[in-house]
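*Asks:* Chain by chain, the residues run as shown.
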Amino acid sequence: MIIDLSPTEDQAMIRTSVADLLDSVLPLDRLLKDHNHLASAELSSWSSFADQGLFGLAIDTESGGTGYSIAEQVVVCNEFGRHLVSPITMATMLATQLAVRAGLTDVVRSLIGGDKRAAFANPVANIDYNAGGTAEVQVIDGTGADYIILIDEERALLFNGNACEFLRSVPAIDETINIDRLGLPLDQTLVHSKDDLSTCRHHTLMLAAYLLGMAEVTRNMAVDYARIREQFGQPIGKFQAVKHICADMAVRAEAALAQTFYAATLASVDHPNGDSEAASARLIASRAALDNARANIQVHGGMGFSAECTAHFFLKRAHIITALNAAPLAAQSKILADLEPLS
Amino acid sequence: MQIIQSSLNDEFRDKVRAWLHSNVPKEQRPKRGRAMREFDTQWQRTQFEAGWAGLAWPREYGGQGFSLIQQMIWMQEYALAGAPAGGAMFVATTHAGPTLITHGTEAQKAFHLPKILSGESVWCQGFSEPGAGSDLAGLSTKAQIDGEYLVINGSKIWTSYAKVADYQELLVRTDPQSSRHKGISWVICDMHAPGISVRPIMSMSGLDTFCEVFYDDVRIPLDRVVGELNNGWRIAMTTLGFERGTATIAHQIELSRTVDALLEIAKKADSSGTGETPIDDTSVAAELAVLRAEVATLRSMTSLTISRNLHQDVPGPEGAIVALFFCELARRVYAMAITLLGPIGLERDTNGRDWPLEYLEAYKWAIGGGTSEIRRNLIAERVLGLPK
Ligand SMILES: Cc1cc2nc3c(=O)[nH]c(=O)nc-3n(C[C@H](O)[C@H](O)[C@H](O)COP(=O)(O)OP(=O)(O)OC[C@H]3O[C@@H](n4cnc5c(N)ncnc54)[C@H](O)[C@@H]3O)c2cc1C
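In order, the protein sequence lines correspond to chains G and W.
Note that our numbering gives residue 21 to position 21 of the first sequence, counting from 1, and the numbers run on in steps of one.
Note that our numbering gives residue 17 to position 17 of the second sequence, counting from 1, and the numbers run on in steps of one.
These aren't lab readings, by the way, just hints derived from the structure by calculation.
Take every hint as true, because none was put in to throw you off.
Computed cross-link-like contacts, SDA-like style, restricted to lysine to any residue with a CA-CA straight-line distance of at most 25 angstroms: (1) G/K238 to W/V383; (2) W/K388 to G/Q234; (3) W/K109 to W/Q71; (4) W/K268 to G/L329; (5) W/K15 to W/F90.
Computed, partial: chain G to chain W, Cβ under 8 angstroms: (6) L5; (7) P235; (8) L257.
A virtual CB, placed ideally from N, CA and C, is assigned to each residue, including glycine.
Work out the full structure: start from the sequences and follow the hints.
*Replies:* Right under this line is the structure:
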């Protein structure tokens, strides 16, 4: 199989337009000013996201979407990660996909149009789906969400926001994220799809792309700082100890980029190895995001430890995204599954 | 990001696969001496006679002039067919030949290129010296001009295949007043010339492929200089530009197969009779999953490098990133093999596979051809633009 990992014209165009939009409405330093309470910055730009067609990007045109594939969706999520955009954007994209599968035309229309939004549920303990009743979950930036989406390695569930029971709000490791504990009514799902592997795969790849974005930005931040910060009469980037930290950051970001884009390309044609490759992408990208976030803090010295620099947000967000619907054992068995030869 | 579909590529792949299937040598490659040389040159000749030599070389010099995608397909099929690595022919076909094509005189090209393609001559690379390794520009092997000759004195070290080579790409200091990058020349050295002695060096894996080479008043005609006199540094550096990302394909496929083999081993019950398999140990499963993900990633990184080179004429410095990722990964894959195999991993040639040899050999990647530290310097300075 021969894959050209360079962006197609459309992919390059989508990236530029999303990056431009996010640069203007969600610049990173917004997080320093107010802590993005309840994703307020995202919500006030929600209609611009909808106008760009972001919530229906990988939905076919008959269903009201833009008709692109997961490859383009991954490009957008990559930009989300670079700008630390609230995960409600990705939750909404996936909710749209689920609603399309279930034939919920009104839901699809309202999500694509930006009138409604979804948030991710993150189980706090193993859920016994057969037992029914309510399952306690964390919801990420979900206050006021119209839909709650719960997704793991093999199933995806969609709930009406107002059918869920609010339990309490909890302060989170990442002060730019709100976590609520909710009770999900397992027998009142809007959609309960047990074999919708493509949505699960897309979820995995979108998170990988988001994590990749974080690994790229932290690499760039560290390099930029190493060029200008002077100690001992020279830029710290001249010290080999600092250079090598940066070089390793570049390796991790490149690895995450290559694997995420490769896996997304396979997923775009529903290749049988798609699940395994996507799980590998998320694993590699999680490590890249976490390790690069840590390295970036170190390169920034005292500034890196201070809340006045954006470095710490990347560490915190990397933990949130890494832990989101993570099923390490299921992911592991996908990675270790028998694969088709690729050529 | 897109899949390149082309029936021409598919046909090419089928053709390559079929040819390799019936022509890849079935016998084990001898690891030492003349037998090794015979094997490597014979395999080169077989490829040459079937029209598969010099894939990336231009047609006017007897090469195939294949596109980058065709080269990639060849390398993939080559590795999948278990074809032997270039071995003693490696320097000739991937360094010396392309360097002569770019910088050699017509006479040099006419004499050497056909011999390289047909497997008639073996080359080695005489760059490193006892006093000049990572800091290659510090080399001090002297070449004094004496009429129409250069007279060489000094020594080279770690020269792979020097014992079986006919020619050497030799870097010497032709300007005695010079220092560093200036005053170096790239010379074709006849390894059979009087005054050359070669001492094989045993490596930690038990192979003696690399050697120390001593030059005692070795006379080399001046017309063996490639490029101009004192311009050797630039000539040597252009060699790096020939690599367009296909070199890691073979390594990547080999590593991926090794991880698959480890997975098989981990799924087999041990001899204790408890029915337990190593993979039931969650830490073993986790480590194998990471390695599987990483070899997949190496494949993707190779693909990314080649993708970039499809759209640019000169390969960028990012190639160093894949190289660094590969050599660090290779060491960990084989270390995992030794750990997983337990006592059997300590025995050579058990189960038809010499795991200790492969494990010990894996240490060389982070040293030869640029150490990991030098690669990190390169990535920091050339890719990321940090100050020198
Ligand atoms: C298997 C094998 C085959 C080889 N084949 C050939 C061949 O065919 N022809 C040939 O010419 N050479 C060959 N070499 C030599 C190889 O290119 C050198 O070993 C390599 O360039 C390193 O040089 P050195 O051994 O002198 O180590 P040194 O340069 O002495 O390095 C020692 C240590 O110091 C570190 N170091 C050095 N400089 C720096 C720096 N600036 N910053 C940070 N750390 C630094 C290195 O990373 C390393 O850890 C081969 C080597 C091996 C292992």
